[in-house]
Every structure is written in C-alpha cells, then in structure tokens.
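Asks: Chains as they are written, first to last, in the numbering used here: chain A, 1 to 159; chain B, 1 to 159; chain C, 1 to 159.
Please keep in mind that the hints were generated in silico from the structure rather than gathered at the bench. Quick reminder that beta carbons are idealized off the backbone N, C-alpha and C, glycines included. Keep in mind that the hints are not guaranteed to be accurate.
Pair ranges (Cβ atoms, derived) [to be verified]: (1) ARG132(B) / VAL70(A): 15 to 23 angstroms; (2) GLY95(B) / GLU11(A): 25 to 33 angstroms; (3) LEU55(B) / THR119(C): 23 to 31 angstroms.
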Amino acid sequence: MSIEAVALRLELDELYADYVHCLDDDELERWPDFFTEDCFYRVTSAENYEANRPLGLIYATSRNMLKDRVSALREANIYEPQRYRHLVSSLRITGEPGDVLDLVANFLVVRTMQDGDMTVFAAGRYVDRVRREGERWKFGTRTVVLDSRQIDTLLAIPL
Amino acid sequence: MSIEAVALRLELDELYADYVHCLDDDELERWPDFFTEDCFYRVTSAENYEANRPLGLIYATSRNMLKDRVSALREANIYEPQRYRHLVSSLRITGEPGDVLDLVANFLVVRTMQDGDMTVFAAGRYVDRVRREGERWKFGTRTVVLDSRQIDTLLAIPL
Amino acid sequence: MSIEAVALRLELDELYADYVHCLDDDELERWPDFFTEDCFYRVTSAENYEANRPLGLIYATSRNMLKDRVSALREANIYEPQRYRHLVSSLRITGEPGDVLDLVANFLVVRTMQDGDMTVFAAGRYVDRVRREGERWKFGTRTVVLDSRQIDTLLAIPL
Chain A
1 MSIEAVALRL
11 ELDELYADYV
21 HCLDDDELER
31 WPDFFTEDCF
41 YRVTSAENYE
51 ANRPLGLIYA
61 TSRNMLKDRV
71 SALREANIYE
81 PQRYRHLVSS
91 LRITGEPGDV
101 LDLVANFLVV
111 RTMQDGDMTV
121 FAAGRYVDRV
131 RREGERWKFG
141 TRTVVLDSRQ
151 IDTLLAIPL
Chain B
1 MSIEAVALRL
11 ELDELYADYV
21 HCLDDDELER
31 WPDFFTEDCF
41 YRVTSAENYE
51 ANRPLGLIYA
61 TSRNMLKDRV
71 SALREANIYE
81 PQRYRHLVSS
91 LRITGEPGDV
101 LDLVANFLVV
111 RTMQDGDMTV
121 FAAGRYVDRV
131 RREGERWKFG
141 TRTVVLDSRQ
151 IDTLLAIPL
Chain C
1 MSIEAVALRL
11 ELDELYADYV
21 HCLDDDELER
31 WPDFFTEDCF
41 YRVTSAENYE
51 ANRPLGLIYA
61 TSRNMLKDRV
71 SALREANIYE
81 PQRYRHLVSS
91 LRITGEPGDV
101 LDLVANFLVV
111 RTMQDGDMTV
121 FAAGRYVDRV
131 RREGERWKFG
141 TRTVVLDSRQ
151 IDTLLAIPL
C-alpha cells in the first residue's frame, strides 16, 4: 500500500467524521457543502433500494435542494429538542481508485429525548459516490439505505 | 511509525470492514473465505470465555465446517426476513507484529425486524488471530465473545 | 498528507482504542494512566456543556483523583455484574497540529445486565485535549458530554 493510498483512506475517514459531527452538532447550514452542486441525495429503505424502486423518504437532486431543506427545517422548527448521535463504521472502497470513488459504510443513529429516553433511531448503510473538488472530497451521490422500512415521521433531519 | 506499520493497520481495517459487509449484505457464501482452512471459529459468552470453558454457542474447527453451516442456513431458510447491522470499533493489535497477529475489536449488532422494530441484538468483542495468506489476511482464530450469556435462539447467523 | 500526519492519526486511533478496551475489560487500575498528572476529567450533560455550566456528574482535576475514584470503586464493589461495551467513531482533530491536540469523537455505550438485557446506556461525544508525553499521547482534558441529562445512578464507572 502506497503512501498515496494511505493518505486517501484517511482523507475519506475525515470526510465521514466531519459529516457526522456537522449533523450531531446541529450545524445544518454546513451540511449542503458536503455535496457537489449536482448531487443526488436520497434516504430510502433497504427493501426499496434492493428492488430498484426510485422512491425516497427524502429526495434531492441538487445542493440547492439541500439548502432549501435546511431552511425549511429552521423555519418550521417544530421538532422536539432531541439529540442525535451517529456512529459510523466499516468504511469500504468498493470500486476502482480515481477522482471518483464508490464507498459504503455502516451507520447507527441513537436518539436521546429530553426525558433521557435513548433509542436506536436508525440503522443502515451509506452507499456513496464521492468526487474530489480541489482539496476536498464531496458527495456526488449519497444514498442512505435504512434497514427499516418504517421510520419515525419526525425524520426531517438529515442522515 | 513506519509506512509498513501504517499500511498494515489499514489492511486490517479493510479486513474487518469487508467481513462486516459480507454478513450484513447476506453474502454468506463469501463468509468462509475470510478464514484459513484450519480455522477455529467460536461464538461464546464472556462468562464462559473468562472461565476458560471450551463451550460455544457456535463452534467450528475448519473452513469446511463454516461452509456446511452456510449450506444448512440456506437450506433451512426458516429465519424471518430480519436485517442485521454490524458496527465495529476500537480495533487493537495486542501482540507482536509478524505474519500472525493477535487482535481485538468491539462490535455491536442491531437487528431490524420486518415491522421496523430495532433492537441491540448482540454486543461484545472479537478476539482474533489473523494470518497472512498471500495478499490477504485471514482469520486463523475468531472468538466472538458476547457480553450476554443469553442469545436469541435465532442465532443461526454468523457474527 | 505526509507520513507524519498519517502516523499521528493512527497513534490517536490507538489511544482511543486502548482506552476503550481498558474500560470494557474492567482494567480500571490502568485507566488513570491515560491521563496527564494535571488532567481535567469531567462527565457532564450536553445541556450543561453548551450552557458553559461548570457542573459535572463526575469531576476530577488530577490523575490522583482518578486513582482515588478507582480505589473507591473497587472497595465499594456494589455494582451489579453488568458489562459495558464502548463503540467509538468519527474521531476528528479540531485544532491545529502540534504537541497538544484538540479532538472530538462520538461514543455509544451498551450495557448488558446479567439476565441478558441489553440497553443503550450512554451516548454522546468526547471533547478532548491530548498532549504528547514521550512516546505516548495522554488526555490533558477529557470532557464526556452525554446526550442525556439523566444518567443511571449507577454511573460510578468511568466513561
């Protein structure tokens, strides 16, 4: 393994770590910037994903749509003061190395309600395509594949 | 830390990530190939492990036994359409570097039932010995030490 | 990314992995040694942390106080024979590189009771400052920020 391959690997680790902290720290305004301008972002169930159904609980085809989503979330502001904590593991490069990379990773989100109740809110995998833009890697495609086909209707937050 | 030590570390990360995705993607036919031919695979409780009791909820002493287990699972096919998601963290090399390495890592498995119910199915640690075979690292010994001494009787799936 | 930056990153991964196994293996006597002599260790809620309230569920301002805590735990020994399993992810260097580093990471702790019942015991983030002492990195400051403001009163164990 070359130093370049090692460095690449750690850059990707950083991308995933930054993304997670952005969400968990409720810095949603930074969130769209993890994506390319022409990105494709989707949250779907494993069932739909495996059946190639182009449905999504959340669906966006540009960074601007992600920005609109954040604005809507901030204006609505109806959600309870709950907290989310993402755990991500087992990041894996599935395709050939290059300026575009296919990746998969597992995630788990724990939600803590104000009364202290903690539950596994979501579990699943990220199926991603990242692209290098200057010094940074960005998500060209991020498909959040949930193990469950049901999801709490409060799923307004990005995953 | 030398480039060799760094590369080794990332190769091991890859091994653990590949293993996890193999299981979570239900590609069980690939699973035995993560092990050496004369492997030792065991799932046991922490209680039994610490008391040096050679018991196991699952027990195999060769790769062929793992293949048999996969065949049996595929033929039986009685299990509900549930999904498993592994999270692995804190991989640590515990012994001396060489062509055989002792490793430990923590894991958590979340199970999602078809009705959407998610639970922590298993938590514990992997106590492993890996061996290099050509370009790949393989598990010579994998002991899955469960924190719980009870486990859902559906534990037919590998961990 | 230079080989030095890569090596640093892996050294930090090792620090976090060692710490976790020390706790989960109940080797608490080793725990204070992860800290500098003049360390600051605190377990607090996200609510208090964000409001800059200097409160803590656990609070120590030196390594000796951590040792006292371990002694007290061993003598009291009132806790049930439960097991804890830490999962850590998304380690991120937040400040400038140097001999002192600011870091953040997410964690999740699963508790397994003797009857096999498993629950998410704690979730949150580590907000840390580490310092190099010879060959090792040590925690100069570790703030354990819990997502929940309630915590099981059994929280005598370190996190």
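Asks: If a hint holds in the structure, say so; if it doesn't, say that too.
Replies: Do the hints match the structure? See the list:
{"no.": "1", "hint": "ARG132(B) / VAL70(A): 15 to 23 angstroms", "in the structure": "violated, 47 angstroms"}
{"no.": "2", "hint": "GLY95(B) / GLU11(A): 25 to 33 angstroms", "in the structure": "holds, 30 angstroms"}
{"no.": "3", "hint": "LEU55(B) / THR119(C): 23 to 31 angstroms", "in the structure": "holds, 26 angstroms"}
Against the hints set out earlier in the document, a violation occurs for number 1 only.
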